[in-house]
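Single-letter residue listing:
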Amino acid sequence: MTTQLFGQPVERREDPRLLRGEGRYVDDLGRSAAAAAFVRSPHAHARVLDVDVTGALNVDGLLAVYTFEDLPERVAQPLPLLIPHPALTHPRTQYALARDEINHVGEAVVMVVATDRYRAEDAAERVAVTYEPLAPVVGLEQSEAARTLVHADVPGNRGAHMVQQVGDAPAAIAAAPHRLDFRLDIERSASTPLEGRGVYARWDAQDDSLRVYSSTQTPTGVRAAIAAILELADAKVEVIAPDVGGGFGVKIMHPWPEEILVPWAARTLGREVKWTEDRREHFVAANHERAQEQHVSVGFDDEGRILGLDVTFLHDHGAYTPYGIIVPIITSTQLPGPYRLPAYRVEFSSLYTNTVAVTPYRGAGRPQGVFAMERTVDRIAAHLGLDRTEVRARNFVLPDEMPYDLGLIFQDGRPAIYDSGDFPESLRMLKELIDWDGFTAVRAAAAAEGRRLGIGLGCYVEGTGVGPYEGGHVHVETNGRVMVSTGLSTQGQGHETVFAQIVATELGVPMADVHVTTGDTRRFGYAVGTFASRAAVMSGNAIALAARSVRAKAVKVAADALEANPDDMEIVDGVVRVKGSPADAIPLRQVAVLSNPLRYSFSEEAKAATQFAAPADPDEPPIPRGEAPGLESRDYYSPIRSTFANGMHAVIVEVDPDTAEVKVLRYAVVHDCGNLINPRIVEGQIHGGVAQGVAGALYERMAYDEHGQLLNASFMDFLMPYATEVPRIETAHLQTPSPLNPLGIKGAGEAGVIPGAAAIAAAIEDAEGYPIMRMPLSPDDLFRLRREHAEEAAS
Amino acid sequence: MSAEHLHDLTLTVNGVPHPVSVPARRLLSDALRHDIGLTGTHVGCEHGVCGCCTVLLDGQPVRSCLMFAVSARGHEITTVEGLAGPGGELNAVQRAFQECHGLQCGFCTPGFLMTVTALLAENPSPTEDEVVEGISGNLCRCTGYQNIVASVHRAAALMTDGAGEPRP
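Chains as they are written, first to last, in this note's numbering: chain A, 1 to 795; chain B, 1 to 168.
Quick caveat, the hints were computed from the structure, so don't treat them as lab data. In this text, all values refer to a predicted model and were calculated from it rather than measured experimentally. One or more hints might be untrue.
What the hints assert, rightly or not - Sample of chain A residues facing chain B (criterion: CB under 8 Å; computed from the structure): (1) G245; (2) F248; (3) P597.
C-beta atoms are modelled at their ideal positions from N, C-alpha and C, and glycine is treated no differently.
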């Protein structure tokens, strides 16, 4: 029997391979490849005066040393601006190797290639670079003050400035019965996958072609960039994302300098070249995210209903803007969350600093926006003495208002319109899950033991599944294997499993027969990439549509063969049969044979498709007009606009009265991403996201000093949580299907991280009794805040 | 700079002797991965913090990125490739990770499997706290650890049921 696999918590297909140590990550490939290493700037802002490579030249095993001067004209151009935007008036991107100016610690200056990595690093450390240090710009306040410029030709350090508004927020705030104004701050963090970046390139001189393996979230994007910059035909460049050891956003950035330089070196040297990023390189040369300074003004009535919200924020985009201003745009447009804002104005300036560039990290600007909105709602509740959940409920967009148009333009250039969701029901579920109303007693009981507890919550809406499109290919082979491919790549989301579930369900075949390939341009050349919680929505629907076409074709071919009515046919367990008459059946593998009219037989089964095997209409061509041979189909899903998932988190924390340590006692999640393809995988995504949310709230920050040195560029000092720091996560699901796509699904990948900082700040605030206006919060930070508030209270 | 002096030695990995010729500075992790070709052992930080490169040395978990290959001479090394049965059948720890969705991208997984193998060999029925403590030297960025903790309990249960012994 064919099971309805869509929606089932089936075990993952990729696991046995990964559990046996048979995963293939970039550095597992190319044992005989030469190794690249990079000389990177130790200065945050400097002029390169001289590069002397002579010390490196006698290193045993050295193959090449490349500086900017060695690069051919096209490779020596600034790297692409991936997402131009009219508001990004002063975009700047880096050179593959620094030309004359350094803009952050870690910027690549020289590439060395040697027979192995040890020797490449020996040579790299013998290259002498002479720098003229310049005054660095670190942090938003320094950047905004603009006494020093990051790029001499960018006035005010301002790369972009953008305003969006709905209604007249300043007027609404001025006229409101109550008004609050405050500032919020969020520090830097980063994706920090356990596998860093890596590139392995094989140049085939006989074939004049290039194959590149990259640990990327977008192999098609990397291919397009390499083909353009190395001036090769697309068809001569193959890019494959093999197993990828986590991405979380940072690997959607492309092309990295290394993704151009390593293939270029492979072609230049005529041999395989590989570069595997080390951990320190990842901290100082792979992109970061998060840092913003936000100024909020809000006007509201006596019941806590928001009448106007005006947010101005500064966004630190680091030294360059290769990914445009997607992050602050998302902050701007996702800030309203589940609330009806009669008047909303948001203005941001995106500023240069002499630090690593900022591009999306899971959540991609939403954690910042949610922090602003949720802190605002909590301030309103505190001001009016109302329950925080009540103020939220009074401001919710209601189910009967869906679809709800925010009046803003989203990151895909299309209107931000919520397609579905039931926020009151989500809140009810969350209150029940965490026992919100029972917390007063819990708190009192703890207080009796000298313990200090607090509760908080955070709500968000997340635009997922952004376009423009993804595609899927489904092919039933004559051996019965169902080969499925899609162009976007996988970094642990279980795509081999969920896409197989979709195909097994749509086509009526056992899941064991379905084989999924992702992220390989040899198999599927048109794709956008894995980001914005879009893979399941985009590729899932494309694959479903392709599977439906294959099903229709299979039924038609089988109906012809069985002389049955196609409307009476079904496919069960890989067999096409007449409903109610299981004897009138033909296996899909045989249908696959028949779908391809043959001149030459290759097996017993194939004989049936040869030209003398069966009588045919002599007046019709063997392949009917408009059809194609083979039981296969390719289809695309291109949505009109994004689909909006949502969720709410509640947290109970305990703060240590002496050490100011924060411990998360309970963490509850209500999540609505429409129909679930595989609840087990969705839960896993939520868990991982929450861990990163907790990390961003309590542990992780990029600690730059005033010189632009990253002080904690190692796992010794950057406090990524271990099992001892992540709380147990309790989850509940609401499923309001998306009306926008055939499967009714919404994205789930990023959700878990989004409201973490907001909810934990709220809980700490509740425990401590004074406002928490910045994140992350270390015990040291909290201790200082306590002392400040105690001093204020005393004076 | 002249060519490096190479040391000829035999590394015993998963019961199989592997002759290698390596410079003194060659890390055990690199020798396993690049000289012997056992790439299941991963390298996540090269400073002994993430635990991805954990292997067993005479049954004890060690960070193979903090050890030179020449120091492993004469020791029995077990890597993730040594866990499954001869036909590739998953052992109890591996099965538990699959059943409990204890892995996502799979990069940290070999290190966790080796750590958990040693943990359960020492303590076949750990408490919740002992499990959390036992895996608290390994970083995972994907799972939030909850399903890894569940996997360890599940592995303990599978092994107690006699459904499978951890190898070695």
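Measuring from the C-beta of P597 (chain A) to each C-beta in chain B, is the shortest one below 8 Å? 40 Å, violated
Classify the hint on G245 (chain A) as holds or violated, based on whether any CB of chain B lies nearer than 8 Å to its CB. 3 Å, holds
Let's test the interface hint: is any C-beta of chain B closer than 8 Å to that of F248 (chain A)? 7 Å, holds
Hint 3 from the earlier list is the only one contradicted by this structure; the remaining hints agree with it.
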